[in-house]
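Peer 1: Make a model of the complete structure from these sequences and hints.
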Amino acid sequence: MLEKMKVWNWKKIGIISGIAALVLAVIYVGFSIFFQSHFFFRSTVNGVSASAASVDTVVERLDEATEGYELTIVEEDGEETIDPESIDLVTTADADTVEALVKKQNGFAWVKYLFTDKDYESERIVSFDEEKLAAEIQNLELVKREATTETQNASFEYSDSAKKFVIVDEVYGDNVDVDQLTKKASEAIMSLEPSLDVAKDKLYVQPTVTADSEELKDTVDSLNDKIGMSITYTVGDATEKVDTETIASWIVADEKGDVSYDESAMREFVKTMESTYNTVGKSKSLATSYGTTVTVAAGNYGWKIDEDGEIAQLKEDLEAGKDVSRDFVYAQKAASRSGNDYGNSYVEVNITAQHVYLYVDGSCVFDTDCVTGNVAHNTITHCGAYAIAYCEKDATLRGANYTSEVSYWMPFHNGEGLHDASWRSRFGGTIYKTSGSHGCVNLPTSAAKTIFSYVSAGFPVLVYELPGTENTKPETDLAQPVIDAINAIGEVTTASGDAITAARAAYEALPADAKPYVTNLGTLEAAEAAFPGVVNQAAIDQAAAEAAAAEASIQSEGATE
0 MLEKMKVWNW KKIGIISGIA ALVLAVIYVG FSIFFQSHFF FRSTVNGVSA
50 SAASVDTVVE RLDEATEGYE LTIVEEDGEE TIDPESIDLV TTADADTVEA
100 LVKKQNGFAW VKYLFTDKDY ESERIVSFDE EKLAAEIQNL ELVKREATTE
150 TQNASFEYSD SAKKFVIVDE VYGDNVDVDQ LTKKASEAIM SLEPSLDVAK
200 DKLYVQPTVT ADSEELKDTV DSLNDKIGMS ITYTVGDATE KVDTETIASW
250 IVADEKGDVS YDESAMREFV KTMESTYNTV GKSKSLATSY GTTVTVAAGN
300 YGWKIDEDGE IAQLKEDLEA GKDVSRDFVY AQKAASRSGN DYGNSYVEVN
350 ITAQHVYLYV DGSCVFDTDC VTGNVAHNTI THCGAYAIAY CEKDATLRGA
400 NYTSEVSYWM PFHNGEGLHD ASWRSRFGGT IYKTSGSHGC VNLPTSAAKT
450 IFSYVSAGFP VLVYELPGTE NTKPETDLAQ PVIDAINAIG EVTTASGDAI
500 TAARAAYEAL PADAKPYVTN LGTLEAAEAA FPGVVNQAAI DQAAAEAAAA
550 EASIQSEGAT E
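Counted from 1, the sequence shown has number 318 at position 319 by numbering that gives the first Met the number 0; the numbering is strictly sequential.
Do not take every clue at face value.
[To be verified] In silico lysine to aspartate or glutamate, EDC-like type, Cα no more than 20 Å apart, as pairs:
#  : residue 1 : residue 2
1  : Lys225    : Asp257
2  : Lys514    : Glu469
3  : Lys225    : Asp200
4  : Lys131    : Glu75
5  : Lys163    : Asp326
6  : Lys201    : Asp224
7  : Lys225    : Glu239
8  : Lys199    : Asp76
9  : Lys143    : Asp253
10 : Lys225    : Glu262
11 : Lys201    : Glu140
12 : Lys321    : Glu186
13 : Lys270    : Asp217
14 : Lys162    : Asp224
15 : Lys201    : Glu75
16 : Lys183    : Glu69
17 : Lys182    : Asp257
18 : Lys225    : Asp159
19 : Lys183    : Glu129
20 : Lys216    : Asp257
21 : Lys240    : Glu267
22 : Lys240    : Asp305
23 : Lys216    : Asp159
24 : Lys199    : Asp173
25 : Lys281    : Glu464
26 : Lys182    : Asp159
27 : Lys270    : Asp224
By construction, these hints were calculated from the structure, which means they are not laboratory data.
Peer 2: In structure tokens form, the structure reads like this:
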């Protein structure tokens, strides 16, 4: 009995299923036939609803929609209308055109369009001049007016209060996206839509980057990593830490998040550091060998930061993203960062005294007389703090009107340098005033050799003048024998001729720079002036004596007779 009931139930289920399938088949076929002459569900024709509608119904609806059609563009504070005639708008809703659309349907595919829209557009129903529409869009007041707020993408900036980069929200402006408005207007006209809402349809220029952009967030995180690093300069005993704001001013990033560096901002920073830490081109203080401290004029000696090199190093530091403690990158280095930049090893040249001193590790190891540039010919040796450019043995020095062979050449400034001058027999004193060099510091050969053995490229040379340290000993030493010869003349007599002649010859043999130191030249000149008179008077006296003697002899002979 139970088995019979089971069989019956299965038969019942089969019968019901068969009937249901038959009903569904009838419905499916029925709708398929229906949609041979009607539009699918969810269909539109040029924007007009055609869902399950016949051709005639759609034609009626199109007639209603196209009658007096115009497109209104709506803004919050007003609206504007596109005149149909201005764009040559033509609307024709005839049965043949609509029927041609419905015939394109496959009626048996109607099930698909229970869930999917089906939109038809026909230029035979709606047509217009696209170029004229574009021109009309350009003439709209909302397009021609100046935007009160420009659309801006989300970006980033450095926050002084937060001490980091932060995201700046995007700005939704009221500047119209003309291309998008033209496109949407064209679509609206083809669909016979009566209006466009600029705001709702997002026809203002839209930001392409918003505050929730992951790329933007990643960029800001990357920037904050860079400014979070520490850059500290260690310069001798001093330190200079670059603040976060300064580092932030060097870093830029584009909308893609690609990080680059503002070289002008970096260069401005480096120039600020140069004004503090460069010593080249600045005067120096020197405690001279004479016990007096002088200011040595600025020259080419000193520390000089390499701008391009420092900027390149900063970029490397930022790319590495690690804390840095270092000195600057230098184009030129000096001896010391503590106290005087020239340190305690240098050549000291006192032009006034015509003397050179060599200091090594704070001690004077050598000194010598010298001859500097010729004052009378304006080929002076220039005062200043210089660095020896290089050291060369057996060099040929050439000028406008001279060539000199030297054994030891140590140039330090614009062709001026230290070198031996084997053609000179005397150094020091005041030779330089009238018989000086072409600008170099002339030295005895042995002295040049000694200095050459101590110095090298970069060695400091400090050249100065110090009134009151004039050295006249060489000239007075030369003048003294002449002074003695003049003094030896004594009272002028007829026997003084040889002494006067010898004194004059000795004076004339003196170098020009020594002659002013013959302090009794007037005595010689007086003797020279007096000597002829003395000789003449002696001759007169002798003649008178001889005459008197002759007369006395005659008188004596007469008395005898």
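Peer 1: Take the hints in turn and mark each one as holding or not.
Peer 2: These are the hints, each one checked on the structure:
Simply put, Lys225 and Asp257 have alpha-carbon atoms about 13 Å apart, close enough for the 20 Å limit, and the pair holds. With a CA separation close to 17 Å, the supplied pair Lys514 and Glu469 stays within the 20 Å bound. Distance restraint check for Lys225 and Asp200: the Cα-Cα separation of roughly 41 Å exceeds the 20 Å cut-off, and the hinted pair is therefore not satisfied. Annotation: proposed proximity of Lys131 to Glu75 is violated, straight-line Cα distance about 26 Å (limit 20 Å).
At most 20 Å may separate the alpha-carbon atoms for a hinted pair to count; Lys163 and Asp326 exceed this at roughly 26 Å. With a CA separation close to 37 Å, the supplied pair Lys201 and Asp224 exceeds the 20 Å bound. The straight-line distance between the Cα atoms of Lys225 and Glu239 is roughly 18 Å, inside the 20 Å bound, and the hint therefore holds. For the given pair, Lys199 sits about 14 Å from Asp76 by alpha-carbon distance, which is consistent with the 20 Å threshold.
With a C-alpha separation of about 30 Å, the suggested pair Lys143 and Asp253 falls outside the 20 Å cut-off, and the hint is violated. Between Lys225 and Glu262 the alpha-carbon distance is near 16 Å, which keeps this suggested pair within the 20 Å criterion. Taking the CA atoms of Lys201 and Glu140, the gap is about 18 Å. The hint holds against a cut of 20 Å. For the proposed pair Lys321 and Glu186, the alpha carbon gap of about 56 Å is over 20 Å, so the pair is violated.
Restraint check: the Cα-Cα separation between Lys270 and Asp217 comes to about 32 Å, which exceeds 20 Å; the hinted pair is violated. In summary, the hint linking Lys162 to Asp224 is supported, as the alpha carbons are separated by about 12 Å, within the 20 Å threshold. As the CA atoms of Lys201 and Glu75 are separated by approximately 13 Å, the hinted pair is consistent with the 20 Å bound. Straight-line distance between C-alpha atoms of Lys183 and Glu69 comes to about 14 Å, which keeps the hinted pair within the 20 Å bound.
Distance restraint check for Lys182 and Asp257: the Cα-Cα separation of roughly 33 Å exceeds the 20 Å cut-off, and the hinted pair is therefore not satisfied. Restraint check for Lys225 and Asp159: satisfied, since their Cα atoms lie roughly 16 Å apart, inside the 20 Å limit. In summary, the hint linking Lys183 to Glu129 is supported, as the alpha carbons are separated by about 12 Å, within the 20 Å threshold. For the given pair, Lys216 sits about 13 Å from Asp257 by alpha-carbon distance, which is consistent with the 20 Å threshold.
Taking the CA atoms of Lys240 and Glu267, the gap is about 16 Å. The hint holds against a cut of 20 Å. Between Lys240 and Asp305 the alpha-carbon distance is near 19 Å, which keeps this suggested pair within the 20 Å criterion. Distance restraint check for Lys216 and Asp159: the Cα-Cα separation of roughly 19 Å lies within the 20 Å cut-off, and the hinted pair is therefore satisfied. Taking the CA atoms of Lys199 and Asp173, the gap is about 13 Å. The hint holds against a cut of 20 Å.
About 17 Å separates the Cα atoms of Lys281 and Glu464, which keeps this hinted pair within 20 Å; it holds. Annotation: proposed proximity of Lys182 to Asp159 is violated, straight-line Cα distance about 44 Å (limit 20 Å). Proximity of Lys270 to Asp224 is assessed by CA-CA distance (about 26 Å); at most 20 Å being required, the pair is judged violated.
Consistency with the previously given hints fails for numbers 3, 4, 5, 6, 9, 12, 13, 17, 26 and 27, ordered from lowest to highest.
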